[in-house]
Amino acid sequence: MKLSQVIFIVLVLLSSFGCKKEKIDELQFEKDVLNNVFVEIVDSIYMDRRIIFPPPTPRIDFKTNKEDTIGFNKELKEYWRNRDSIKNDKTRILIGVYDDVTKISPFETEMIIKKLDISEYTYDISKGTDEYKFDLKAFENNKKFNFQKASKYPHEKDWNLNDVSNVLFPVGTIWVSRIQFNKTKKRGILAAGASCGGGKCGRGFVIIIEKKSGKLKIEKVIRTWVS
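Take the sequence shown: its position 129, counting from 1, is numbered 730 in our numbering, and each next residue is one higher.
It should be emphasised that the hints constitute simulated quantities derived from the structure, not laboratory data.
Heads up, some of the hints might be wrong.
Only pairs whose alpha carbons sit at most 20 Å apart, straight line, appear in this in silico SDA-like list of lysine to any residue [what the hints assert, rightly or not]:
hint	residue 1	residue 2
1	Lys738	Lys753
2	Lys632	Asp700
3	Lys704	Leu717
4	Lys688	Val638
5	Lys715	Val822
6	Lys715	Lys801
7	Lys801	Ile653
8	Lys738	Lys688
9	Lys691	Glu641
10	Lys786	Lys664
11	Lys632	Ser828
12	Lys818	Val638
13	Lys704	Thr825
14	Lys818	Trp776
15	Lys753	Tyr647
16	Lys734	Lys753
17	Lys734	Ile642
18	Lys784	Ile809
19	Lys784	Lys738
Using the sequences and the hints given, assemble the complete structure.
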C-alpha cells in the first residue's frame, strides 16, 4: 500500500473519531444542562393529587332550600387540616418521571409558537433524530423529591386519586423534552408536562433557560396548555 493511501485512511479515521466525539460532547452538554435545572423545573410545575383539588363548596338542603352550613363547615375544616398535614409532612414526595427524553412534539411546538418566537432555537444536526433515557441516579439523594420511573407503576390513568399514602403511587408525573439551544448556547427552550394521575388533570409548559453567572438557569416558565 502506498504511503499516500495510508495517510488518507488515517486522516479519514481521525476525522470519523472527531465527529463521533463532537456528537457525544454535544449530547453530554445537553444532559448536564437538564440535570442542572431538572429539580427546579419539577418544583415549579409538579402537581400533587393530594392537594390539587379545590376546597369543598356549600351544599344546598333541597328541603329547606338553604345552605347546609353545619355539614359544610365540618367538611371544610377537615379539608384544610388534611392539606396542612400534607404540606408539613417532611416525607419525600414521590414523583413518577417519564424517562424518554425526545424532541419537542409537533403539538407542543404549536403551543409554544403561540407564546414566543422560537426561530433562533434549533437542535444540533448531530442529534436531530435521536433520543435518550433520562438517568435519575443523579437525584437519588434529593431531600424533597423521591424520583422514580413512571414505568414502575400502573399507567397513571388507573391510579386511585383518593389514595393519599405517597407510597402506592406517585402523587404526580413529570416529563421533559430535549432542549433546543440558540447558536451561542446561552439560551435554550424545552417543553415539560405534569399530571396528577387518573387522567383527570394535566398541564403543559415551555421552559426558557438562560446563562447567568456562567450557568444556564431557568429564566421563565410559561404554561402552554391545561386539561
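Do the hints match the structure? See the list:
1. A threshold of 20 Å between alpha carbons decides the hint, and for Lys738 with Lys753 the separation of about 15 Å falls inside it, so the pair holds.
2. Proposed proximity of Lys632 and Asp700 is supported: the alpha carbons are some 12 Å apart, at most 20 Å.
3. Straight-line distance between C-alpha atoms of Lys704 and Leu717 comes to about 18 Å, which keeps the hinted pair within the 20 Å bound.
4. Between the alpha carbons of Lys688 and Val638 the distance comes to roughly 23 Å, so the proposed pair goes past 20 Å and is violated.
5. For a cut-off of 20 Å, the pair hint linking Lys715 to Val822 stands: about 14 Å separates their Cα positions.
6. For the hint pairing Lys715 with Lys801, the CA-to-CA distance comes to about 25 Å; that exceeds 20 Å, so the pair is violated.
7. With a CA separation close to 11 Å, the supplied pair Lys801 and Ile653 stays within the 20 Å bound.
8. Proposed proximity of Lys738 and Lys688 is contradicted: the alpha carbons are some 26 Å apart, above 20 Å.
9. At most 20 Å may separate the alpha-carbon atoms for a hinted pair to count; Lys691 and Glu641 meet this at roughly 18 Å.
10. The straight-line distance between the Cα atoms of Lys786 and Lys664 is roughly 67 Å, outside the 20 Å bound, and the hint therefore fails.
11. Between Lys632 and Ser828, the direct Cα distance comes to roughly 29 Å. Violation of the 20 Å bound is thereby established for this hinted pair.
12. Straight-line distance between C-alpha atoms of Lys818 and Val638 comes to about 6 Å, which keeps the hinted pair within the 20 Å bound.
13. Straight-line distance between C-alpha atoms of Lys704 and Thr825 comes to about 17 Å, which keeps the hinted pair within the 20 Å bound.
14. For the hint linking Lys818 to Trp776, the alpha-carbon distance of about 18 Å falls within 20 Å, and the restraint holds.
15. The straight-line distance between the Cα atoms of Lys753 and Tyr647 is roughly 19 Å, inside the 20 Å bound, and the hint therefore holds.
16. For the suggested pair Lys734 and Lys753, the alpha carbons sit about 15 Å apart, so the restraint of at most 20 Å is met.
17. A threshold of 20 Å between alpha carbons decides the hint, and for Lys734 with Ile642 the separation of about 18 Å falls inside it, so the pair holds.
18. In summary, the hint linking Lys784 to Ile809 is supported, as the alpha carbons are separated by about 15 Å, within the 20 Å threshold.
19. Distance restraint check for Lys784 and Lys738: the Cα-Cα separation of roughly 30 Å exceeds the 20 Å cut-off, and the hinted pair is therefore not satisfied.
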